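Chemist: The lines below spell out each chain.
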Amino acid sequence: MAVSEVATTSDTYTASVRRWPITRLLEDERWLSFVLLLPTLVLLSLFIAYPFVKGVELSVTDAKVGVPGNFVGMQNFAALLNDSIFRIAVWNTIVYTAVTTVFKLAFGLWLALLLNRNFKGKAFTRAFILLPFIIPTVLSTFAWKWMFDPTFSVINWTLFRLGLITSRINWLGDPNLALISVIIVNIWRGVPFYAISLLAGLQTINPELQDAAAIDGARPWQRFWYVTWPLLLPVTMVVVLFSVIQTFADFQLVYVLTGGGPANATQLFATYAYQIGVGTGLLSQGAAISLAMFPVLLVVVIVQLLYIRRVETL
Amino acid sequence: MARVEIRNLNKTFDGVHAVKDVNLDINDKEFVVLVGPSGCGKTTTLRMVAGLETISSGEVLIGDKVVNELPPMDRDIAMVFQNYALYPHMNVYDNMAFGLKMRRFGRAEIDARVRAAAEILGIQAQLQRKPRQLSGGQRQRVALGRAIVRHPKVFLFDEPLSNLDAKLRVQMRVEIKKIHARLGTTAIYVTHDQVEAMTLGDRVVVMKDGVVQQVGEPLELYNAPANRFVAGFIGSPAMNFATVTIAADADGFLWASNEGIHIKLPAEVAGRLRKHVGESVTLGIRPEDLRAATSSDATDLVVDVMVEVVEKLGSEILLDVKVGPSTMVAAVEPTVGAKVRDRLRLALNPDRLYFFDGASQAAI
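If you read the protein sequences in the order shown, they are chains Y and Z. According to my numbering, the first sequence is numbered sequentially starting from 154. According to my numbering, the second sequence is numbered sequentially starting from -8.
Hints in this document: simulated from the structure, not taken from any laboratory. If you're wondering where the values come from, they're calculated on a predicted model, not measured in any experiment. Where is the CB? At the ideal position from N, CA and C, for every residue including glycine. The reader is advised that the hints may include incorrect statements.
To be verified - Covered by chain Y, per the in silico footprint, the following chain Z stretches (three or more residues, Cβ under 8 angstroms):
(1) 65 to 72
(2) 87 to 95
What the hints assert, rightly or not - Pairwise CB distance ranges, derived in the manner of DEER restraints:
(3) D102/Z <-> L234/Y: 38 to 48 angstroms
(4) G414/Y <-> F4/Z: 56 to 66 angstroms
(5) R120/Z <-> S186/Y: 51 to 61 angstroms
Claimed, not checked - A few chain Y residues that don't get close to chain Z, going by computed Cβ distances all over 10 angstroms:
(6) L199
(7) L362
(8) I368
(9) R372
(10) Y379
(11) L384
(12) A416
(13) L451
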């Protein structure tokens, strides 16, 4: 309606003739939308698309630090297949991601259900729960490093005093325990994200449904299984999706705690890529390792997005 | 099928006394409506009967059995909620079947009951739909269906129609009444709408501030309100009130007067008011008991008013009038051609004058 008024009045017509060309251009929605999208486009290309393309480019060369390198095709990827450390890293990453995701989801859901109740100091507790998530990972991980220290470990001290152990446990030095230790820290750091996100999901569920189900004869766990859980599922899927991607590409936690050791027992995709690409200076191989994560994550994302769509249209 | 008894029921939330000593006997097959303004404790009372709210003190009996400690599922009740509370991820069929599945009914029995309820409610065609694909009225029917299939001892309704538009509300009100007549299940119905209360209830319980004000059949509440609150709450448009002083004249007649009113009380009313001579009391008169005075009306039972607003409803005209310092509403014949700022003389129906104690507000 406003458009037709502008077109029919001669005053505004002459005014529009005198406008700057750029103003006229922006009146066109196609141009306007392009201009509005531009900042996002620039940022995404600069920080996501360019590094990604550069990574792909590096992975098919034999570039090293200071050596531009030549095109070598899929050689770097072929080499990875025969790299035993790479295979360990792949396995570790899968174990690390799977185990932590299961525990983070379980604890996070449990916490969310508790926090969804009414109790004194609810707001404070909810804020407090977020602490592990808010503290910079490097700082909190250093604290954990001390707690895992064979000599000064507060965990060992407690277990010793409780009479549960007789000798010191070398948390980060033992290859089996090292992976368990980094998994524990990852769970500790990740639970708040799950708890708060799932709590937000729980709060969108109409509490009357719980009353209705109680009257319908559902016991507490049935109310959870038949009412709460199905309604929480879409949120859960999104949370798990984010978490899996983050965990799969996790770096700082392992880097600070063990640096991938002992003897590659905690080597993950990201730490190995860093070690080869930056530590050793074999940029092309590091890039290839990083890129090897990509198909796995792509599959995860596609599967989960399809699932979310299915759940949401139910 | 069961009686429901509520004995000295109390509820205190964080120091707020929400329900105070409520006593109520509900007969088998009876339809009782709890009505009152928001925060009067009616929903809390219902939720205590349902078992969704703990009982601070007192007893609830369903079918002569104290159910205070029983969880909702063991009370053999069904409830219809204000926001329908349908499970959004289940279709209509599963919503209605859920309570039966939880109670381990056989597949054939569930199917028979769900289809029977769907037929009663006219929602056979929607059984495979999800709640969000339904209109408000259809959702409410599903919520009713979920209650019906269970064949419970008692139906509990928590403002089930308040989310529907006015027309649909009237329609669903009639349907609820029909369903109750057909099934004969004892029902407790909570609403803040006095019209709903009057039309649905065999008996109506008026509550205010957690206290039961009056229990009675609809017309009993209308004709003989126990106090000023009930008088003002029941009836639409609401009863008019004016503060008047009672005085006796030399002949022994009683007069009620203030700046705008000076009426002689009929003998029957005067008898009740004799001990209030010299006191300030509240006069109540319903809009429908005021009419345009004619020359044959006695001059001692009329009031002179000025018309402020005219609402033409068709079957009647509502006049907002100024009577001395106060305003009143009169429902008069549509033939009365009153206009704004007209001066008018209204006659009061002598048989329908109400008086309430100035202090206690109880009916005199």
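Chemist: All hints are to be evaluated individually against the structure, with a verdict given for each.
Modeler: Here is what the structure says about each hint:
1. Coverage of the stretch 65 to 72 of chain Z by chain Y holds. Counting CB-CB distances below 8 angstroms, 4 residues qualify, and the rule asks for three or more.
2. Chain Y is given as covering the stretch 87 to 95 of chain Z, and this holds because 4 residues of the stretch bring a CB closer than 8 angstroms to a CB of that chain, at least three being needed.
3. Separation of D102/Z from L234/Y is about 58 angstroms and departs from the stated range, judged on CB atoms against 38 to 48 angstroms.
4. The supplied range of 56 to 66 angstroms is met by G414/Y and F4/Z, whose beta-carbon atoms lie about 59 angstroms from each other.
5. Roughly 38 angstroms separates the CB atoms of R120/Z and S186/Y, a value that falls outside the hinted 51 to 61 angstroms.
6. Even its closest Cβ contact with chain Z, about 42 angstroms, leaves L199/Y beyond 10 angstroms, as expected for a residue assigned away from the interface.
7. Not every C-beta of chain Z lies more than 10 angstroms from that of L362/Y, the closest at about 6 angstroms, which undercuts listing it as non-interface.
8. With a cut of 10 angstroms on Cβ distances, I368/Y falls inside the contact zone with chain Z, its closest approach being about 5 angstroms.
9. Non-interface call for R372/Y relative to chain Z: violated, since the shortest CB-CB distance, roughly 8 angstroms, does not exceed 10 angstroms.
10. Interface exclusion of Y379/Y from chain Z breaks down, the closest Cβ pair being 7 angstroms apart, not more than 10 angstroms.
11. Non-interface call for L384/Y relative to chain Z: violated, since the shortest CB-CB distance, roughly 6 angstroms, does not exceed 10 angstroms.
12. Separation of A416/Y from chain Z is adequate, the least Cβ-Cβ distance of about 49 angstroms exceeding the 10 angstroms criterion.
13. The non-interface label for L451/Y is consistent with chain Z: the shortest C-beta to C-beta separation is roughly 29 angstroms, beyond 10 angstroms.
Hint compliance for this structure: hints 3, 5, 7, 8, 9, 10 and 11 are broken, all remaining hints hold.
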